[in-house]
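Each chain is listed here by its residues.
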Amino acid sequence: DAKTTQPNSMESNEEEPVHLPCNHSTISGTDYIHWYRQLPSQGPEYVIHGLTSNVNNRMASLAIAEDRKSSTLILHRATLRDAAVYYCILRRPNTDKLIFGTGTRLQVFP
Amino acid sequence: DTGVSQDPRHKITKRGQNVTFRCDPISEHNRLYWYRQTLGQGPEFLTYFQNEAQLEKSRLLSDRFSAERPKGSFSTLEIQRTEQGDSAMYLCASSPRDRTNTEAFFGQGTRLTVV
Numbered sequence: 001d002a003k004t005t006q007p008n009s010m011e012s013n014e015e016e017p018v019h020l021p022c023n024h025s026t027i028s029g030t031d032y033i034h035w036y037r038q039l040p041s042q043g044p045e046y047v048i049h050g051l052t053s054n055v056n057n058r059m060a061s062l063a064i065a066e067d068r069k070s071s072t073l074i075l076h077r078a079t080l081r082d083a084a085v086y087y088c089i090l091r092r093p094n095t096d097k098l099i100f101g102t103g104t105r106l107q108v109f110p
Numbered sequence: 001d002t003g004v005s006q007d008p009r010h011k012i013t014k015r016g017q018n019v020t021f022r023c024d025p026i027s028e029h030n031r032l033y034w035y036r037q038t039l040g041q042g043p044e045f046l047t048y049f050q051n052e053a054q055l056e057k058s059r060l061l062s063d064r065f066s067a068e069r070p071k072g073s074f075s076t077l078e079i080q081r082t083e084q085g086d087s088a089m090y091l092c093a094s095s096p097r098d099r100t101n102t103e104a105f106f107g108q109g110t111r112l113t114v115v
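The listed protein sequences derive, respectively, from chains A and B. Quick note: the first sequence, position 34, residue 34 per the numbering used here, numbers continuous. Quick note: the second sequence, position 52, residue 52 per the numbering used here, numbers continuous.
Excised from the complex, chain A in its bound form (with noise of 0.2 Å):
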């Protein structure tokens, strides 16, 4: 299973845009970058996933470099209620599972 790798922990103002980073080098041509987020004491919850092109949704933007080594969840405008752990999840398209890392735990100051 491919591997991602996110910073440990990042922290943000509220109302200030947020940009979650998450390295994936050995990516292969046909997987999915998936956003997962887990709100304490909750199970986790789908955010945004992307091929190659940028994609945005009601919760947030996705970013994917042209190489697609890499690439970056952005929160427009943080809330308190964004603090989670986010997880950056490589899927292949002839798998259903979800293989998490360890995720980034944001928290956000008012």
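In case anyone wonders, no lab produced these hints; they're calculated from the structure. All figures in this text were calculated on a predicted structure; none of them were measured in a lab.
So the derived label-pair ranges between C-beta atoms look like this:
(1) Ile12/B - Pro40/A: 18 to 28 Å
(2) Gly3/B - Ser25/A: 33 to 43 Å
(3) Thr20/B - Glu14/A: 41 to 51 Å
For each residue, glycine too, the CB sits at the ideal point set by N, CA and C.
Following the hints, position chain B against chain A.
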């Protein structure tokens, strides 16, 4: 539909006892997954069902663990002869039938404590 439902939310059991957890996926989701999460770690994949067929099992799933999904609806995860190392959060997720990548919806989990 209120999402993926897991029961119980918490379970405390004595070492050596058997426990069973239930997961009700989102209706019409034909794919169902079980994960285990220990403190400070990301969830680890245990097993996956498509309808009633168990298609993949992790090496983490020892002989003491068994999962079923009769009739392709709810699923149960049983742990026999529990050990202290089984203490963890057990998460269930479901996803709809789709040929491309799609999101998985997770339940809130069952927290198991083996004493």
